[in-house]
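Colleague: The primary structure of each chain is shown beneath.
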Amino acid sequence: MSSTISTTAEENNDVWGGGNKPLNASYGKLMMWFFIVSDALTFSGFLAAYGFSRFKNIDAWPIADEVFTHFPFLHGVDAPMYYVALMTFILIFSSVTMVLAVDAGHHMQKGRVAFYMLLTIVGGAVFVGSQAWEWNNFIRGEYGAVETRGGQIYQFKSLETGKRVALDEFAIDLPSHRVQHESKNGIWYLDEGSLPTFTIEEVIAGFNANPDIVIKTEKIDETGHKIVLSREESLIKINQAVNVVEGANLINNEYGNRLFADFFFFITGFHGFHVFSGVVINIIIFFNVLIGTYERRGHYEMVEKVGLYWHFVDLVWVFVFTFFYLV
Amino acid sequence: MMENNTHKLEIFRGYLKFKSNQTKIWGVLIFLSIVTVIEVALGIVKPEILIENSFLRMKLINWIFIILTIVKAYYIMWDFMHLRDELRGLQASIVITLMFLIGYLAFILLVEGNYIFDVMYEGFVSWNF
Numbered sequence: 001m002s003s004t005i006s007t008t009a010e011e012n013n014d015v016w017g018g019g020n021k022p023l024n025a026s027y028g029k030l031m032m033w034f035f036i037v038s039d040a041l042t043f044s045g046f047l048a049a050y051g052f053s054r055f056k057n058i059d060a061w062p063i064a065d066e067v068f069t070h071f072p073f074l075h076g077v078d079a080p081m082y083y084v085a086l087m088t089f090i091l092i093f094s095s096v097t098m099v100l101a102v103d104a105g106h107h108m109q110k111g112r113v114a115f116y117m118l119l120t121i122v123g124g125a126v127f128v129g130s131q132a133w134e135w136n137n138f139i140r141g142e143y144g145a146v147e148t149r150g151g152q153i154y155q156f157k158s159l160e161t162g163k164r165v166a167l168d169e170f171a172i173d174l175p176s177h178r179v180q181h182e183s184k185n186g187i188w189y190l191d192e193g194s195l196p197t198f199t200i201e202e203v204i205a206g207f208n209a210n211p212d213i214v215i216k217t218e219k220i221d222e223t224g225h226k227i228v229l230s231r232e233e234s235l236i237k238i239n240q241a242v243n244v245v246e247g248a249n250l251i252n253n254e255y256g257n258r259l260f261a262d263f264f265f266f267i268t269g270f271h272g273f274h275v276f277s278g279v280v281i282n283i284i285i286f287f288n289v290l291i292g293t294y295e296r297r298g299h300y301e302m303v304e305k306v307g308l309y310w311h312f313v314d315l316v317w318v319f320v321f322t323f324f325y326l327v
Numbered sequence: 328m329m330e331n332n333t334h335k336l337e338i339f340r341g342y343l344k345f346k347s348n349q350t351k352i353w354g355v356l357i358f359l360s361i362v363t364v365i366e367v368a369l370g371i372v373k374p375e376i377l378i379e380n381s382f383l384r385m386k387l388i389n390w391i392f393i394i395l396t397i398v399k400a401y402y403i404m405w406d407f408m409h410l411r412d413e414l415r416g417l418q419a420s421i422v423i424t425l426m427f428l429i430g431y432l433a434f435i436l437l438v439e440g441n442y443i444f445d446v447m448y449e450g451f452v453s454w455n456f
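Chains as they are written, first to last, in my numbering: chain A, 1 to 327; chain B, 328 to 456.
Honestly, I wouldn't trust all of these hints.
[What the hints assert, rightly or not] Derived DSSO-like pairs: lysine-lysine, alpha-carbon spacing no greater than 30 Å straight-line:
| # | chain 1 | residue 1 | chain 2 | residue 2 |
| --- | --- | --- | --- | --- |
| 1 | A | Lys219 | B | Lys346 |
| 2 | A | Lys163 | A | Lys110 |
| 3 | A | Lys21 | A | Lys237 |
| 4 | A | Lys226 | B | Lys373 |
| 5 | B | Lys373 | A | Lys305 |
| 6 | B | Lys386 | A | Lys157 |
| 7 | A | Lys157 | A | Lys226 |
| 8 | A | Lys219 | B | Lys373 |
| 9 | B | Lys373 | A | Lys163 |
| 10 | A | Lys157 | B | Lys373 |
| 11 | A | Lys157 | A | Lys110 |
| 12 | B | Lys386 | A | Lys305 |
| 13 | A | Lys219 | A | Lys237 |
| 14 | A | Lys21 | B | Lys386 |
| 15 | B | Lys373 | B | Lys386 |
| 16 | A | Lys163 | B | Lys386 |
| 17 | A | Lys226 | A | Lys163 |
| 18 | A | Lys305 | A | Lys226 |
| 19 | B | Lys346 | A | Lys110 |
| 20 | A | Lys305 | B | Lys346 |
| 21 | A | Lys237 | A | Lys163 |
| 22 | B | Lys386 | A | Lys226 |
| 23 | A | Lys110 | B | Lys344 |
| 24 | A | Lys110 | A | Lys237 |
| 25 | A | Lys237 | A | Lys226 |
| 26 | A | Lys110 | B | Lys373 |
| 27 | B | Lys346 | B | Lys335 |
| 28 | A | Lys21 | A | Lys110 |
[What the hints assert, rightly or not] Computed Cβ-Cβ distance ranges for the label pairs, DEER-style:
| # | chain 1 | residue 1 | chain 2 | residue 2 | range |
| --- | --- | --- | --- | --- | --- |
| 29 | A | Phe273 | B | Glu439 | 40 to 48 Å |
| 30 | A | Thr293 | B | Gly341 | 34 to 42 Å |
| 31 | B | Tyr431 | A | Lys184 | 34 to 42 Å |
| 32 | A | Thr293 | B | Glu439 | 45 to 53 Å |
| 33 | A | Leu250 | B | Arg384 | 49 to 57 Å |
Source of the hints: derived by calculation from the structure; they are not laboratory data. In this text the structure is predicted, and so the values were computed from the model without any measurement. Heads up, the beta-carbon is just placed ideally off N, CA and C, and yes, glycines get one too.
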């Protein structure tokens, strides 16, 4: 017999009255599995679409190690992957506290269920907060880049140190009267987003004046590294740049292919929304535990069902972690 | 009411047995953590031998990542989501459905993406301007 618990105190044993449990799982649990399977297909749709776009641009896709390099309180330190790994641990740990809550529920220990539910909620909230921090860094960007008319991203690298160079380290301040166009100043239905810190002319002038800087293209060579142009090639290519890109949005991003940021926002955003709703559901169940709803009902199956959803969120993150950050 | 100690308490096909469901949970956590640490370490070190060699046109390191991910997914589903305690029929109807549909979707989209790359790469139109 399985670890499932009977749903109601007065069991209706009539087949058509719900007494017959297909696959020995209660109605609620089975429905949660239906939802999880369909939601898993939604996520695999996202990840497969990501794979499609990546295979389509296989020779020019951002390298996750070079994009996600931040860690809290370690400013300027190149820490690829550590933060996402930490987030993975946080989520796995909150999964463990959830399963401990389910286990305590099987033993009808109200206090322990509440305690572990609380830890799970805290873990989930920390994870969502971490994701917000990650988004913040991603949107803000660090170095800045320029974009060609064809939508290619050129990043800048120092020949001397071999490290990436931020735009503000070499761009020359030129007199410019270009201000952000707001709808209140002109045609009322036209406005534009905030202007980048430097104009393209300033970046190109700074680039020409600084013989140490070369262009790092978005193309990848056979060994999996980004192709860096020589100074001579860079001087020719820089003239193709038309836009300055700082950070990321849904239209362009300084990390490389435009689709990369779109998929980042959609996949981690959709997952983050799942975590957020999981936290909300967990809070509701937590209060139900506190006021003794399940104690009176005679079983804690609701905790188990919420637990299924919570573990599923963890499961999805395991895949997102692999396919977005590792592979 | 059913007994509460009906959990199956062994993992790794019986090589590792636990005394209670709680110790099993902590055991699975340790195992998942070790796997994650291996993944992250490989992702940071990137050993040359795993990057230069490939199997079925995929780098060995990516094979390792994907296999370890599936291993992690197995233990999350089997031990955290209690699928180990469910009937074979329920396990099969979840896993086979997902494996078939996701495998099919991934296969068809990746082949198509690869084809579009080839068309753009070999075509006479320049995408670099």
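Colleague: Each hint needs a verdict: does it hold in this structure or not?
Modeller: A quick look at each hint next to the structure:
| no. | hint | in the structure |
| --- | --- | --- |
| 1 | A:Lys219 - B:Lys346 | 54 Å, violated |
| 2 | A:Lys163 - A:Lys110 | 56 Å, violated |
| 3 | A:Lys21 - A:Lys237 | 68 Å, violated |
| 4 | A:Lys226 - B:Lys373 | 15 Å, holds |
| 5 | B:Lys373 - A:Lys305 | 40 Å, violated |
| 6 | B:Lys386 - A:Lys157 | 28 Å, holds |
| 7 | A:Lys157 - A:Lys226 | 11 Å, holds |
| 8 | A:Lys219 - B:Lys373 | 20 Å, holds |
| 9 | B:Lys373 - A:Lys163 | 19 Å, holds |
| 10 | A:Lys157 - B:Lys373 | 22 Å, holds |
| 11 | A:Lys157 - A:Lys110 | 59 Å, violated |
| 12 | B:Lys386 - A:Lys305 | 39 Å, violated |
| 13 | A:Lys219 - A:Lys237 | 14 Å, holds |
| 14 | A:Lys21 - B:Lys386 | 46 Å, violated |
| 15 | B:Lys373 - B:Lys386 | 11 Å, holds |
| 16 | A:Lys163 - B:Lys386 | 27 Å, holds |
| 17 | A:Lys226 - A:Lys163 | 13 Å, holds |
| 18 | A:Lys305 - A:Lys226 | 46 Å, violated |
| 19 | B:Lys346 - A:Lys110 | 23 Å, holds |
| 20 | A:Lys305 - B:Lys346 | 25 Å, holds |
| 21 | A:Lys237 - A:Lys163 | 20 Å, holds |
| 22 | B:Lys386 - A:Lys226 | 17 Å, holds |
| 23 | A:Lys110 - B:Lys344 | 28 Å, holds |
| 24 | A:Lys110 - A:Lys237 | 67 Å, violated |
| 25 | A:Lys237 - A:Lys226 | 16 Å, holds |
| 26 | A:Lys110 - B:Lys373 | 47 Å, violated |
| 27 | B:Lys346 - B:Lys335 | 10 Å, holds |
| 28 | A:Lys21 - A:Lys110 | 27 Å, holds |
| 29 | A:Phe273 - B:Glu439: 40 to 48 Å | 28 Å, violated |
| 30 | A:Thr293 - B:Gly341: 34 to 42 Å | 39 Å, holds |
| 31 | B:Tyr431 - A:Lys184: 34 to 42 Å | 53 Å, violated |
| 32 | A:Thr293 - B:Glu439: 45 to 53 Å | 50 Å, holds |
| 33 | A:Leu250 - B:Arg384: 49 to 57 Å | 32 Å, violated |
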